[in-house]
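**Q** First to last, the sequence lines map onto chains U and C.
Position one of the first sequence corresponds to residue 283 (our numbering), numbered consecutively onward.
Position one of the second sequence corresponds to residue 5 (our numbering), numbered consecutively onward.
Since the hints were made in silico from the structure, they are not lab data.
Note that the coordinates shown come from a computational prediction; the quantities given were computed from them, not determined experimentally.
Hints are supplied without guarantee of correctness; some may be wrong.
[To be verified] Derived SDA-like pairs: lysine to any residue, alpha-carbon spacing no greater than 20 Å straight-line:
1. K110/C - G20/C
2. K323/U - R45/C
3. K323/U - L14/C
4. K323/U - A87/C
5. K19/C - S325/U
6. K26/C - Q6/C
7. K69/C - K323/U
8. K98/C - K296/U
9. K296/U - F349/U
10. K13/C - T313/U
11. K98/C - P393/U
12. K323/U - G20/C
13. K296/U - G343/U
14. K98/C - A284/U
15. K13/C - L350/U
16. K98/C - G343/U
17. K98/C - L350/U
18. K348/U - E106/C
19. K323/U - Q49/C
20. K323/U - S86/C
21. K98/C - T313/U
22. K323/U - V109/C
23. K77/C - F349/U
24. K13/C - Q324/U
25. K323/U - E106/C
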Amino acid sequence: GAVVSQHPSRVICKSGTSVKIECRSLDFQATTMFWYRQFPKQSLMLMATSNEGSKATYEQGVEKDKFLINHASLTLSTLTVTSAHPEDSSFYICSAGGLAGGLADTQYFGPGTRLTVL
Amino acid sequence: AQRVTQPEKLLSVFKGAPVELKCNYSYSGSPELFWYVQYSRQRLQLLLRHISRESIKGFTADLNKGETSFHLKKPFAQEEDSAMYYCAHSRGGKLIFGQGTELSVKP
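When you get a sec, could you build the whole thing from the sequences and use the hints?
**A** Shown next, in the form of structure tokens:
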């Protein structure tokens, strides 16, 4: 089946630093990747949609200068949290879609990255 | 706004009891609805989608347009069904999730 990986699985950083999270589709090409944020015991909130070779589309209320997304290839998207602050601490999850021959709305999720900002 | 609502944060049942996790949607067109499951310390995974009308792990979900519902049901719950369950609908390829319901199946 389709596998999506994320790296790192957890990261702790100091306030003011930037953190990059990678999302990779391991055995398929993903035309579209999505980034979500999940707070403890809460739902996933879509942050942005990332299309290979074009600018990401951000959901309302998500600061695009704060959360930089790059989708340089069909198997890799990165999320950079710039100048991180404690309120950015969260669980960040990516998903990949666009399997050839698959249903358009099929998304496969990564295991998530736990970000803690001190 | 298009949304899905899961009214129960926690549902606790005993093993062998029937389970129904509720999901209501607000969408005037033909919705594309899904149920996702997240077991403890595992990634989110697709359980079933309404378009397939399938049964996965004994779970079924029927789209009821009259009641705008897509409740997830299983006649006999198992302990391994304990997990977070999310109802979601697709909007332009994006998934919009409900708040989630934690199912706890007790022995």
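**Q** State for each hint whether it applies.
**A** Results of checking the hints against the structure:
Under the criterion of a C-alpha separation no larger than 20 Å, the hint pairing K110/C with G20/C is consistent with the structure, at around 9 Å. Taken as a hint, the K323/U and R45/C pair is honoured in the structure, with Cα atoms around 13 Å apart against an allowance of 20 Å. A hinted pair counts as satisfied when its Cα atoms are at most 20 Å apart, and K323/U with L14/C qualifies at roughly 10 Å. A distance of roughly 11 Å separates the Cα atoms of K323/U and A87/C; the hinted pair therefore holds under the 20 Å criterion.
Straight-line distance between C-alpha atoms of K19/C and S325/U comes to about 26 Å, which puts the hinted pair past the 20 Å bound. Our distance criterion of 20 Å between C-alpha atoms is met by K26/C and Q6/C, whose separation comes to about 17 Å. Of the pairs offered as hints, the one joining K69/C and K323/U is violated, with about 29 Å between alpha carbons and a cut-off of 20 Å exceeded. Pair hint K98/C plus K296/U does not hold up; C-alpha atoms about 32 Å apart against a cutoff of 20 Å.
Restraint check for K296/U and F349/U: satisfied, since their Cα atoms lie roughly 17 Å apart, inside the 20 Å limit. With a C-alpha separation of about 34 Å, the suggested pair K13/C and T313/U falls outside the 20 Å cut-off, and the hint is violated. For a cut-off of 20 Å, the pair hint linking K98/C to P393/U stands: about 19 Å separates their Cα positions. Our distance criterion of 20 Å between C-alpha atoms is broken by K323/U and G20/C, whose separation comes to about 26 Å.
Between K296/U and G343/U, the direct Cα distance comes to roughly 24 Å. Violation of the 20 Å bound is thereby established for this hinted pair. Note on K98/C and A284/U: the hinted pairing holds, with a Cα-Cα distance of about 18 Å set against a maximum of 20 Å. With a C-alpha separation of about 32 Å, the suggested pair K13/C and L350/U falls outside the 20 Å cut-off, and the hint is violated. Under the criterion of a C-alpha separation no larger than 20 Å, the hint pairing K98/C with G343/U is consistent with the structure, at around 16 Å.
The suggested pairing of K98/C with L350/U holds, with an alpha-carbon distance near 19 Å, which does not exceed 20 Å. Proposed proximity of K348/U and E106/C is contradicted: the alpha carbons are some 32 Å apart, above 20 Å. Between K323/U and Q49/C the CA atoms are separated by roughly 17 Å; this keeps the pair inside 20 Å, and the hint holds. With a C-alpha separation of about 14 Å, the suggested pair K323/U and S86/C falls inside the 20 Å cut-off, and the hint holds.
Proposed proximity of K98/C and T313/U is supported: the alpha carbons are some 13 Å apart, at most 20 Å. With a CA separation close to 17 Å, the supplied pair K323/U and V109/C stays within the 20 Å bound. For the suggested pair K77/C and F349/U, the alpha carbons sit about 38 Å apart, so the restraint of at most 20 Å is broken. With a C-alpha separation of about 9 Å, the suggested pairing of K13/C with Q324/U holds against the 20 Å cut-off.
Annotation: proposed proximity of K323/U to E106/C holds, straight-line Cα distance about 9 Å (limit 20 Å).
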